[in-house]
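Here the protein sequences line up with chains A and B, keeping their order.
Numbering of the first sequence is given in the working numbering, commencing with residue 1 and proceeding in unit increments.
Numbering of the second sequence is given in the working numbering, commencing with residue 1001 and proceeding in unit increments.
Treat the hints loosely; a few may be bogus.
Under the rule of at most 25 Å between Cα atoms (straight-line distance), these lysine-lysine pairs were calculated in the DSS-like manner [what the hints assert, rightly or not]:
#1 B:Lys1258 to A:Lys147
#2 A:Lys147 to B:Lys1222
#3 B:Lys1044 to A:Lys147
#4 A:Lys236 to B:Lys1154
#5 B:Lys1258 to B:Lys1044
#6 B:Lys1258 to B:Lys1075
#7 B:Lys1135 to B:Lys1154
In short, the hints are calculated from the structure, not lab data.
Treat the numbers as computed from the prediction; the structure is a model and nothing was measured.
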Amino acid sequence: MAELLEMLGLSTSAELLSLRPPGWGYNLLRGLANSLQIALGAFGLGVVIGLFGASGKLYGGKVTRDLLAIYTTVIRAVPELVLILILYYVGTDIANKISSAIGGGRVEISGVVAGIWVLGVVQGAYATEVLRGAIQAVPAGQIEAAKSYGMPAWMTMRRVTIPAMMSFAVPGLANLWLIATKDTALLAVVGFSELTLETRQAASSTRAYFTFFLAAGALYLMVTLFSGVVFGRIEKWARRGQPSLRGGTR
Amino acid sequence: MYSNNALSFVPDVAALEEAIRVEDLHKYFDSLEVLKGVSLLANKGDVVAVIGGSGSGKSTMLRCINFLETPSSGKIVIGGEEVATRPDGSAADRRQIERIRTRLSMVFQQFNLWTHRTLLENVIEVPVHVLKVPKADAIDRAHALLERVGLDDKADTFPAHLSGGQQQRAAIARALAVDPSAMLFDEPTSALDPELVGEVLTVIRDLAAEGRTMLLVTHEMKFAREVANHVVYLYQGRIEEQGPPAEVFGNPQSDRLKQFLSSVA
Chain A
1 MAELLEMLGL STSAELLSLR PPGWGYNLLR GLANSLQIAL GAFGLGVVIG
51 LFGASGKLYG GKVTRDLLAI YTTVIRAVPE LVLILILYYV GTDIANKISS
101 AIGGGRVEIS GVVAGIWVLG VVQGAYATEV LRGAIQAVPA GQIEAAKSYG
151 MPAWMTMRRV TIPAMMSFAV PGLANLWLIA TKDTALLAVV GFSELTLETR
201 QAASSTRAYF TFFLAAGALY LMVTLFSGVV FGRIEKWARR GQPSLRGGTR
Chain B
1001 MYSNNALSFV PDVAALEEAI RVEDLHKYFD SLEVLKGVSL LANKGDVVAV
1051 IGGSGSGKST MLRCINFLET PSSGKIVIGG EEVATRPDGS AADRRQIERI
1101 RTRLSMVFQQ FNLWTHRTLL ENVIEVPVHV LKVPKADAID RAHALLERVG
1151 LDDKADTFPA HLSGGQQQRA AIARALAVDP SAMLFDEPTS ALDPELVGEV
1201 LTVIRDLAAE GRTMLLVTHE MKFAREVANH VVYLYQGRIE EQGPPAEVFG
1251 NPQSDRLKQF LSSVA
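The following block holds chain A by itself, in its conformation from the complex:
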């Protein structure tokens, strides 16, 4: 193994990427774990916001619909980097103001919480539209059947609309998840040690830019490939009972 790396001229890279100091591999993995933690949290928050947002847009009153239209339009209009800067600093500022108002000192907002909150709000705007489209794609007759058998609105949502819309929503949600994993890189600007920031630190400390950014790229790629497998399974489950477009449904 060592000889092979030596022969390929990669022994320095292997050393740099080693998990034990002086290698930076551990730092990169720690960054990846932070990125995934934020991506998962933000995606989850985004889907929850999206469900309420889509329901509100479809079934809500005029005020609700207008407010949601403002939310989705503004969030989707402003570049995410700008939103992150705004939401992060505004969020910290508000937290501090509240803290000093009730007589507390300066609060340190955890990077993870801030990251999840900021990206979740962004994801929620996109998820609202993804889920709204999916709900509208559910055949009206299925919802009508639930209604005609006396199902209350919330039970209809839970037992009929959400399961029936899943197959329409999964491809869009898979997109959002992948965007979430990569949007975590933007949190580097507010100094959160996710994968990209860890990579940059490792690279600038060792001057081995190529090695480290290639390694980070490989890690992002692995996340994407793994996500593809997971979402493939979810989609197969969500499409249960539906004829395949390729034929041979049985």
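With chain A's structure known, arrange chain B on it following the hints.
Leaving out everything else, chain B in the frame of chain A:
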């Protein structure tokens, strides 16, 4: 329970037997008046067939009975209980209308089975989740009902893998699973291939024979004549003629009904 309705204190035999009563039902879609004052009575055990041309309002009338469409005005009384309405005609008490709906099961033209659930899951869905029947009991009953419509071997199949006739029979099993006091059929065979109509009509015929109360909107005149004990002919949102099938089909009075019957014969 106390009721403001004085009638409910009178142990009227006829009132006890009453299943569905519609009084002076009007329905507008924007400015278009689709129902212009329809009144109808179905007693327990009655099979009422509603016939009429396309756009006569027959489906709309059926859908107003369980408030899938909101009546613009009029009175709907199910099993002696009047559906409370707001001034705009919509159901005033969500719980009441939900409770009433569980007693009226509907069979749709397009079946409307839940496609992400197997036939068995479709049949137990409402008993388990709405009526809170223990799941094991609901499953036993669902198998018996699927058996009855000839589909128990398909219990674990998804609707999309079945023919239209099979889906409609499964939908009828779903409708029976709530043990309804009356069943509403909205053109149950209109979306079926001609060779599949018979199997669905056989099931409905059996239900009629066992004394189920049914309101049946249909284009199958021969079938209506055979199973119904009362036939209602709707024309442009009004009841043009009604009576026993032998009268309505055998001796139509109005020119419109004569014309309609000759056009569909």
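For this session: State the violated hints by number, sorted upward, taking the hints as numbered earlier in the document.
Result: Of the numbered hints given earlier, those the structure breaks are 1, 2, 5, 6, listed in rising order.
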